[in-house]
Every structure is written in structure tokens, then in C-alpha cells.
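Produce the entire structure from the sequences given, and follow the hints as far as they go.
These protein sequences, in sequence, are chains A and B. At position 99 of the first sequence the residue is numbered 99 (the numbering used here), and the sequence of numbers has no breaks. At position 248 of the second sequence the residue is numbered 248 (the numbering used here), and the sequence of numbers has no breaks.
Just so you know, the hints here were simulated from the structure itself, not pulled from any lab data. C-beta: ideal position from N, C-alpha, C; glycine also. There is no bait here: all hints are sound.
Across the chosen pairs, the derived CB separations fall in these ranges:
no., chain 1, residue 1, chain 2, residue 2, range
1, B, Y149, A, D166, 56 to 64 Å
2, B, A162, A, R45, 19 to 27 Å
3, B, F95, A, T103, 26 to 34 Å
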Amino acid sequence: MQNALYTIGLYGAVFLYLAFALMPIYWTIKISVTPENLLYSEGIRLWPSRATLANYASVLRATDFPRYFTNSMIISITTALIVTAVASLAGYALSRFEFHGKTWVSLVLLLTQTFPLVMVIPPIFRIMSQLGLTDNLYGLIIIYTAFNIAFATFLMQSFFDGVPRDLEEAAMIDGCTRVMALRRIILPLTLPGMGATVAFVFTAAWSELLFALMLINSDSQKTFSVGLLTFIGKFAVDWGQMMAASVMALIPVCIFFLFLQRYLVTGLTAGAVKG
Amino acid sequence: MTLATRNAHDENRSHRFSVALEPWLYLSPALLIITSVLIVPLIIGISYSFRKFSAFRSEYVGLEQYRTMLTDDVLHGAIINTLWWTGGSLFFQFFLGLGLALLLNRPFHGRKLVQGLVFLPWAVPTFLTGLTWTWLFNPVIGPLPHIFYAIGLQAEPVTILANPETAMWGPIIANIWFGIPFFAITLLAARKSIPSELYEAASIDGASAWQQFTKVTLPFLAPTIAITVMLRTVWIATFADLIYVMTAGGPAGSTNTIATYIYVSAFKALDKGYASAVAVLLLALLIVYALIVIQMRRALMKDK
Numbered sequence: 001m002q003n004a005l006y007t008i009g010l011y012g013a014v015f016l017y018l019a020f021a022l023m024p025i026y027w028t029i030k031i032s033v034t035p036e037n038l039l040y041s042e043g044i045r046l047w048p049s050r051a052t053l054a055n056y057a058s059v060l061r062a063t064d065f066p067r068y069f070t071n072s073m074i075i076s077i078t079t080a081l082i083v084t085a086v087a088s089l090a091g092y093a094l095s096r097f098e099f100h101g102k103t104w105v106s107l108v109l110l111l112t113q114t115f116p117l118v119m120v121i122p123p124i125f126r127i128m129s130q131l132g133l134t135d136n137l138y139g140l141i142i143i144y145t146a147f148n149i150a151f152a153t154f155l156m157q158s159f160f161d162g163v164p165r166d167l168e169e170a171a172m173i174d175g176c177t178r179v180m181a182l183r184r185i186i187l188p189l190t191l192p193g194m195g196a197t198v199a200f201v202f203t204a205a206w207s208e209l210l211f212a213l214m215l216i217n218s219d220s221q222k223t224f225s226v227g228l229l230t231f232i233g234k235f236a237v238d239w240g241q242m243m244a245a246s247v248m249a250l251i252p253v254c255i256f257f258l259f260l261q262r263y264l265v266t267g268l269t270a271g272a273v274k275g
Numbered sequence: 001m002t003l004a005t006r007n008a009h010d011e012n013r014s015h016r017f018s019v020a021l022e023p024w025l026y027l028s029p030a031l032l033i034i035t036s037v038l039i040v041p042l043i044i045g046i047s048y049s050f051r052k053f054s055a056f057r058s059e060y061v062g063l064e065q066y067r068t069m070l071t072d073d074v075l076h077g078a079i080i081n082t083l084w085w086t087g088g089s090l091f092f093q094f095f096l097g098l099g100l101a102l103l104l105n106r107p108f109h110g111r112k113l114v115q116g117l118v119f120l121p122w123a124v125p126t127f128l129t130g131l132t133w134t135w136l137f138n139p140v141i142g143p144l145p146h147i148f149y150a151i152g153l154q155a156e157p158v159t160i161l162a163n164p165e166t167a168m169w170g171p172i173i174a175n176i177w178f179g180i181p182f183f184a185i186t187l188l189a190a191r192k193s194i195p196s197e198l199y200e201a202a203s204i205d206g207a208s209a210w211q212q213f214t215k216v217t218l219p220f221l222a223p224t225i226a227i228t229v230m231l232r233t234v235w236i237a238t239f240a241d242l243i244y245v246m247t248a249g250g251p252a253g254s255t256n257t258i259a260t261y262i263y264v265s266a267f268k269a270l271d272k273g274y275a276s277a278v279a280v281l282l283l284a285l286l287i288v289y290a291l292i293v294i295q296m297r298r299a300l301m302k303d304k
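Set out below in C-alpha cells:
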């Protein structure tokens, strides 16, 4: 009886979370297949009486979206890999060493997370244009990397903190060097953390709008988020096309997350401590 | 001193030197990037707060803009709104995120698929999140007002975004939706790295599920919780995009936060100087908050 109640509660909770998470995405999909003339008259129906893929076809054929898509891909993957590498190093230093100035380093990292972006837009724009980094993907990669390092470092630090020091010290007593201990003990145990870090940075870079909007002018360098804005005309929004484009943009993130899940789910810790 | 001991002494010293240098070596790429791309521009930005900008030039005005803030009623309202916005969003994001993390840690059918799906909101661009929720709250084309009306939350099916009393809940709900995965992913990853032996030992000792949660799960999650809550608070407090897209601070300033106020001052009123001064205020408030959390975390770690 108690088991049955537990099962009902468990699946009930799972259902509620799923419904809350998916309802807005479902609505986006619904709007993307709704013909324009039915958009308002069938606004609250769960599914339009007549579905169409015309919005998708026009986004693919008549817009620069494939181009924006590629740009966002390049930026997000590059940023995620650089940030995770740099933040793992920094997080390891903060977790495993006691040194003079450690509090200050944490404080400086924190500082970069606290100020409103609007405050640095004018100075960053000036510096970037002097370096010739406006209107190209490298400029955005540099900025996104800088913005994400602090968070990623704190995240990696807490993952390193979660690995008992004894494991590492035992390995070093057994004759492992620090680097060997890092590779054989720490890295496998923090792999889920690194996976999570990559996922976060990727999505953060993928969604950023403000700086992309400020720094990119030419159509060939636009990212996905800026591309979405081009659908908003001065007087009316082409909702169908915009939603179709957004659904397409969700696909890589979807695949990315399903791939990364492996690292989150695998109980590496249990395996390593037992083995 | 013999040559041998001197050599040993030298070696020892250079060893100590390299030990002191080692953490800085690992930190240097991060610090280099952050300093050149963020700290330097930040300092330039702070210097803007002492200057009055007009169309073609700027002049030094000292603390004048800080004095203006004292009598700025719009700003005072924005500070109250920021507390609501940050507190409301954070509370629900954290507890619903923690609940989701613990839920996903249990075995059930289709868990992998569910996990991928419930994390999706995080991947949706903010700009789009705002627009989608605006639509959902719209009584003509969205379902929510009719649902709220049916279950008695609203007297009539209208958008909550147009009513100053309820408008703030619009962006807060969108923000909760967007932020739950953040806590769920980080807390789930932290939960996964707790050795399962601890739970086995606890259940052999006869600990109940609740005792296992408070004695094993919570203490191990505490460092991650402290860091994620702190960062999230700061993010939410400075996060203007969602509110800007959904209500632009209205109606009647009811959703105007410090962050949106800075946006409006900088871009609409083109008052870079005053916007920077307000930003400095926000920065100061957040640093004080962060220092408190860091101290609390340190005390917590010492206990362990």
C-alpha cells in the first residue's frame, strides 16, 4: 500500500514537472504550425484545426537562418570548451591549495558576476572596436568566455571540493605524482561536473542577445538570437516564422543535453570508490 | 655549512617557491581573461558615474549623481521591486530545483528522457522565454488566463501583466520556469558525487529517509547550495532582459527593478552617467550580500 502511494506520488511529481517545463515549448511548437489566418481565432485551442509547415519552409528558404545557426554553433561550442578548460584549472587551484590572496581571487571572480552588463557595454564596445574585434565571431567568443569563467570556476571548485582529499592523498602516498592523481582520481570523479559546466556555458552563449546585438552589424556574422530580432518588424511580429525558427534552434540544444546526460547520470563516484 | 646541506637548502627553497607559485599558474588564464575583458572596462564604467554626459561631451560632476539617487522616488520603488523579484524567483527556483534533483536521483521508468525534457527551459533563449510567456498570459491567444479563471485565481480571464498588483508575477513565473533546471542540474551533479556507501551505512544503522536526507544529503550538498544560491541571487538581481521583454518595467512602474531602471536610463534616457551611478549602487549592495554568504559558507565548511 505504502509502495503504491510512493509510486503514485513519484509519477505524479514527475508529471507536474514535465507539464510545467514543456507547456510553453509545446505552445511555441503549436504556434509555429498554425496558419497565420487561424492564429488569433484559434488562439486557445490545443492544436489548430489545420496545421502547416509553411512557416518552416519560409524560414529555411527565404531567410538567413541557416547562416545564423552556424554562427551560433561555432561561438557556443568554442566558448564552452575554452571556459571549461580554463575554469577546471582555476577551480582546482581554489579547491586544493591554500595560498595568500585566495579570498581576493574569489572576490574578483565574484565581482565579474555582480555588475550589470549595461555598465560595461560602452567601454567594451570602445576597446573591441579599437582592436578590430567588432562585427566578428572572435570578439563575441572572447566576451562570452570572460563572462562565463567566474561561474564555471565556482562550479568546478565545488565539484573538486566534493571529492574527498583522502583519495588523492592516498594515491600520492602510493607513489602517484599530483598530475597522475589528478588524471586517475580527480578527473573521472569530476567528469559529471565538467559535463554540466560545458552544458551551462554552451546554452548561455547560445542565448546571449545583448552583446551580440551591440557588436554585430553585418548579416553574415549574426547569431541566432539577433536573427530572431529581425523577425520583429516595426509594426507587426511574424509570430509563425519566429516560433518556427525558435523550434529549430531548440533542436541542437536538445541533442546536446541528451548527449551530456550520460555524464550527469553515470554514477562515477560510486564506481570509483568501490573499484 | 657544507656544500651538500646548502644544495639541499637551495632545493628546498626553490621547491617551496614553486609550491607557492603552483596555484597561480592554474589561475592565470582565468585571471588574465577576466582582467582584460571585464575588470578594466568595469573601472572605466565606474568613472562614468562621476561624469555627466550630454550629446557630444562629458564633464566631471563629482558626487552629484549619487545625491540625485537619494531623492529619486522611482529608484526607491525599484529597490523594493528588486527585492520582490529576486526573493520570489529565487525561493521557487531553488526549492523546485532541489525537489527535481532529488526526484531525478530516484529510479523510475523513462527517467533519462524526462531529465532531458525538464532541463530544456534553460536552453530557451531569454528573449524567447519572455515572448512565449507574454503570449501564454494573453487572454486572446494564450491559455493561462482561462486556466487561472477556471480554478478561481482570477475574477475574470485577463492578462496579469496589465495589472500593477499582479504584473510582477508574470516575469517571476517565467523566471522560475527558466531557472529550475539550473538548480536541478548542479544539485543533481553534486548529489551524484556523494558516495553511495554513506547511504548504505546509514540505512544499516536504521536511519529513516528523512534522517538520511538531513544527515547525509544536506551536509554534502551545502557547499554547492551556498555557491549556487549566491550566484543565482546576483544573476536574478541584475537580470533585466526578461522583465524588459515582458512588461518593460510597467504598468505604472510596478515591475521596474534596479536593473531595468539602469537599462532605461542608459538606453532610453541616454543618461550613461546616472545609469552608471545606479549600477555602482547595485554593485555595492551585491558585494555586501556576497561577502555575507562567503563568510557563512566558510563557517559551514569549518563545522564539517
